[in-house]
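Next come the chains, spelled out residue by residue.
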Amino acid sequence: MSIKLTDDMLSMLPDTRGHFGAYGGRFVSETLMDSLMTLEREYLRLKKDPEFQAQFDKDLADYVGRPSPLYFAERLTKKAGGAQIWLKREDLNHTGAHKVNNTIGQALLASFLGKTRIIAETGAGQHGVATATVCARLGLECHIFMGAEDVQRQSLNVYRMKLLGAEVHSVTGGTRTLKDAMNDAMRDWVTNVDDTFYIIGTVAGPHPYPLLVRDFQSVIGRETREQSLRQAGKLPDALVACVGGGSNAIGMFYPFLTDESVELYGVEAGGLGIDTGKHAAPLSAGRPGVLHGNRTYLMEDENGQISGTHSVSAGLDYPGVGPEHSWLKDIGRAHYVSVTDDEAMAGFHLLTRTEGIMPALETAHAVSYAMKLAAEMDKDKMIVINISGRGDKDINTVAQLDGIKL
Amino acid sequence: MSRITGVLQALKDQGRKALIPFITAGDPAPDQTVALMHTLVDAGADIIELGVPFSDPMADGPVIQLACERALVHGTSLRQVLGMVRTFRETDDRTPVVLMGYLNPMEAMGYGAFADLAKASGVDGILTVDLPPEEADEVAPLFTARELDAIFLLSPTTTDDRIRAISEHSSGYVYYVSFKGVTGAQGINVAEVAEKVQHIHELTALPVAVGFGIRDAKTAADVGKVSDGVIVGSVLVDTIANNQDNPEQLKKALTDLLHPMREALDGLAS
Ligand SMILES: Cc1ncc(COP(=O)(O)O)c(C=O)c1O
Numbered sequence: 001m002s003i004k005l006t007d008d009m010l011s012m013l014p015d016t017r018g019h020f021g022a023y024g025g026r027f028v029s030e031t032l033m034d035s036l037m038t039l040e041r042e043y044l045r046l047k048k049d050p051e052f053q054a055q056f057d058k059d060l061a062d063y064v065g066r067p068s069p070l071y072f073a074e075r076l077t078k079k080a081g082g083a084q085i086w087l088k089r090e091d092l093n094h095t096g097a098h099k100v101n102n103t104i105g106q107a108l109l110a111s112f113l114g115k116t117r118i119i120a121e122t123g124a125g126q127h128g129v130a131t132a133t134v135c136a137r138l139g140l141e142c143h144i145f146m147g148a149e150d151v152q153r154q155s156l157n158v159y160r161m162k163l164l165g166a167e168v169h170s171v172t173g174g175t176r177t178l179k180d181a182m183n184d185a186m187r188d189w190v191t192n193v194d195d196t197f198y199i200i201g202t203v204a205g206p207h208p209y210p211l212l213v214r215d216f217q218s219v220i221g222r223e224t225r226e227q228s229l230r231q232a233g234k235l236p237d238a239l240v241a242c243v244g245g246g247s248n249a250i251g252m253f254y255p256f257l258t259d260e261s262v263e264l265y266g267v268e269a270g271g272l273g274i275d276t277g278k279h280a281a282p283l284s285a286g287r288p289g290v291l292h293g294n295r296t297y298l299m300e301d302e303n304g305q306i307s308g309t310h311s312v313s314a315g316l317d318y319p320g321v322g323p324e325h326s327w328l329k330d331i332g333r334a335h336y337v338s339v340t341d342d343e344a345m346a347g348f349h350l351l352t353r354t355e356g357i358m359p360a361l362e363t364a365h366a367v368s369y370a371m372k373l374a375a376e377m378d379k380d381k382m383i384v385i386n387i388s389g390r391g392d393k394d395i396n397t398v399a400q401l402d403g404i405k406l
Numbered sequence: 001m002s003r004i005t006g007v008l009q010a011l012k013d014q015g016r017k018a019l020i021p022f023i024t025a026g027d028p029a030p031d032q033t034v035a036l037m038h039t040l041v042d043a044g045a046d047i048i049e050l051g052v053p054f055s056d057p058m059a060d061g062p063v064i065q066l067a068c069e070r071a072l073v074h075g076t077s078l079r080q081v082l083g084m085v086r087t088f089r090e091t092d093d094r095t096p097v098v099l100m101g102y103l104n105p106m107e108a109m110g111y112g113a114f115a116d117l118a119k120a121s122g123v124d125g126i127l128t129v130d131l132p133p134e135e136a137d138e139v140a141p142l143f144t145a146r147e148l149d150a151i152f153l154l155s156p157t158t159t160d161d162r163i164r165a166i167s168e169h170s171s172g173y174v175y176y177v178s179f180k181g182v183t184g185a186q187g188i189n190v191a192e193v194a195e196k197v198q199h200i201h202e203l204t205a206l207p208v209a210v211g212f213g214i215r216d217a218k219t220a221a222d223v224g225k226v227s228d229g230v231i232v233g234s235v236l237v238d239t240i241a242n243n244q245d246n247p248e249q250l251k252k253a254l255t256d257l258l259h260p261m262r263e264a265l266d267g268l269a270s
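Going down the list, the sequences are from chains A and B.
Here my numbering is used: the first residue of the first sequence is 1, the next is one more, and so on.
Here my numbering is used: the first residue of the second sequence is 1, the next is one more, and so on.
A hint or two may mislead.
[To be verified] Computed footprint of chain A on chain B, listed as stretches where at least three residues anywhere in the stretch have a Cβ under 8 Å from a Cβ of chain A:
1. 11–23
2. 34–42
3. 223–235
4. 246–257
[What the hints assert, rightly or not] Computed from the model, here is a short list of chain B residues facing chain A with C-beta under 7 Å:
5. S55
6. A59
7. Q65
8. V73
9. H74
10. D216
If you're looking for bench data, these hints aren't it; they were derived computationally from the structure.
If you're wondering where the values come from, they're calculated on a predicted model, not measured in any experiment.
Even glycine gets a Cβ: it sits at the ideal position worked out from N, Cα and C.
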């Protein structure tokens, strides 16, 4: 079942209470409501404010280095033996991932709101680094919450954040990964709500976060659309992006939602395999529930307790997903699929060896799926993979998995 | 009249204040919860807030997080918690029980099924930490139809418009969160609480109970003076953690904590 989306329909989503159909909303304790309502009001005002938008665009150009290139991957295309594969190079952004598009936007919001203390959660550490970076640039106090397990497997990024002047809080509660980092960030926010701005790293969380993060990340899809028309003379036939919380995917998809001919593929972390239960693929194998302020597909047990997740990539190791993706799944506009740890590792090596581009392990999931997809498509078709980040941060993990001691 | 309203009205008529202890169901183990509830009543509880354990208790500090973890190690489910209330009701049909927890376990059970089972088990009120009234339009009517009180939170950041709107959605009492923070933190400022609660009283006729940061008899009395009741949580849960291997000692420790609070609150009446 797929309905034709129009600009009019999209302009009503989310609705005034932050709902995308049955998903999204604002499920938080009362203390945060006033802040969220202020943030929503101010953001909706600033969204239309030319001065704010001009500053955002300028920062993306001069500081992040946008636009990021759209690159035709000739050798990868040959290898797949089907559709042309193009790469949207978010890995070339300052700090090495798409995450910075959002932190630039939210830090700007924080400044407009007069907040001086910034908090953020992080999984892979990319969002933490991107947040610490913009805080260093603006002279803002920065606290990063990170699951103790992720502190271990992303030690390089932990050190980067510290070099940038951030305080990194290792979270030992729960499963010690991204969801627990988000819990502790929420706890900090409720305690310091007066002077603190919470920069959420993905399109999850309570309204208006899924909205504003999507808006900030949509620059990816807007550029891709323009570059495709200019460089390939047409729109792509398919877009492929990995989905953790879903920010790089929604940023890529959103400007194409009304282009019916463009198929959208979100790739979740299949971990050890969906049937093992050890994965992080709520859209593929979960059901709707409420976590971290919004209703969305979740990984949970029959009693509504959130399940532990597993993925080789810390940035996908999250039991929920942005509510707009849940809606896109239900209306059939986007396809959600999964790729295992092993397949992602193969994708990592493949892109590295064939194109000299080392992707983040998160991104490697998208690469792996795109290879399968391309092989099934005709040679005159065009796929764009969102290369959401570079793989430097994952070198230790890759070496370890390949049994190599550095 | 609901059991909660009845109890609060009776206290008010006597010029007394409600003592409302909170414990997490299933902590330290599911088979101890009903006995602990009776202990709370014997020590002077007027209403019991029974926490439903959740894997991701975002509004709670470390003490109640650990209580959730202890309960979940034993697999304590919402269904089992309702069973505990049912057992408690076999020997106590006076003391109101309010379930306090997060939305997802209720959503997983299904709101209709949950409301039915809660009513049948003898639950009196439902307080869902992450459910503001704006999101409650599906759930709240199910509670009202079964005469379950829907209890919502007010906080230091709640504006007057919201205080009015939230009170309109509430029955039984409203729960004023005394400071910006998570459960178990230090931070209560009695003068600020007094001012805000007085203001809330001007905006709603519902009783106002105050929770967060009440750990001893003196604070209980200070807050009781300006409100209709006090909710005591983390200090009890901490006591449970510290005495989890010795049920007799635990019973005594909980009683030693609550008794002075009861006396201090009742001292206000004279
Ligand atoms: C490079 C990269 N890609 C993808 C993700 C997943 O996040 P999202 O799904 O929000 O894009 C992360 C998260 O840390 C990341 O670092």
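Hint-by-hint comparison with the structure:
1. Residues of the segment 11–23 of chain B lying with their CB closer than 8 Å to a CB of chain A number 0, which falls below the three-residue condition for coverage.
2. Restraint check on the segment 34–42 of chain B versus chain A: 0 residues with Cβ-Cβ distances below 8 Å, three needed, restraint violated.
3. Judged by the Cβ-Cβ criterion of 8 Å, the segment 223–235 of chain B is not covered by chain A as claimed, because only 0 of its residues qualify and three are needed.
4. For the segment 246–257 of chain B, the stated coverage by chain A is violated: 0 residues have a C-beta nearer than 8 Å to a C-beta of that chain, whereas at least 3 were required.
5. The closest approach between the C-beta of S55(B) and any C-beta of chain A is roughly 4 Å, which is under the 7 Å cut-off, so the hint is satisfied.
6. The restraint placing A59(B) at the interface with chain A holds, with a minimum CB-CB distance near 4 Å, inside the 7 Å limit.
7. Hint status for Q65(B) relative to chain A: holds, with the closest Cβ pair at about 5 Å, below 7 Å.
8. For V73(B), the interface hint is violated, the least distance from its beta-carbon to any beta-carbon of chain A being 12 Å, above 7 Å.
9. For H74(B), the interface hint is violated, since its Cβ never comes within 7 Å of a Cβ in chain A; the closest pair sits about 12 Å apart.
10. Look at D216(B): its Cβ only gets to about 22 Å from chain A, farther than 7 Å, so that hint breaks.
Of the numbered hints listed earlier, those contradicted by the structure are 1, 2, 3, 4, 8, 9 and 10.
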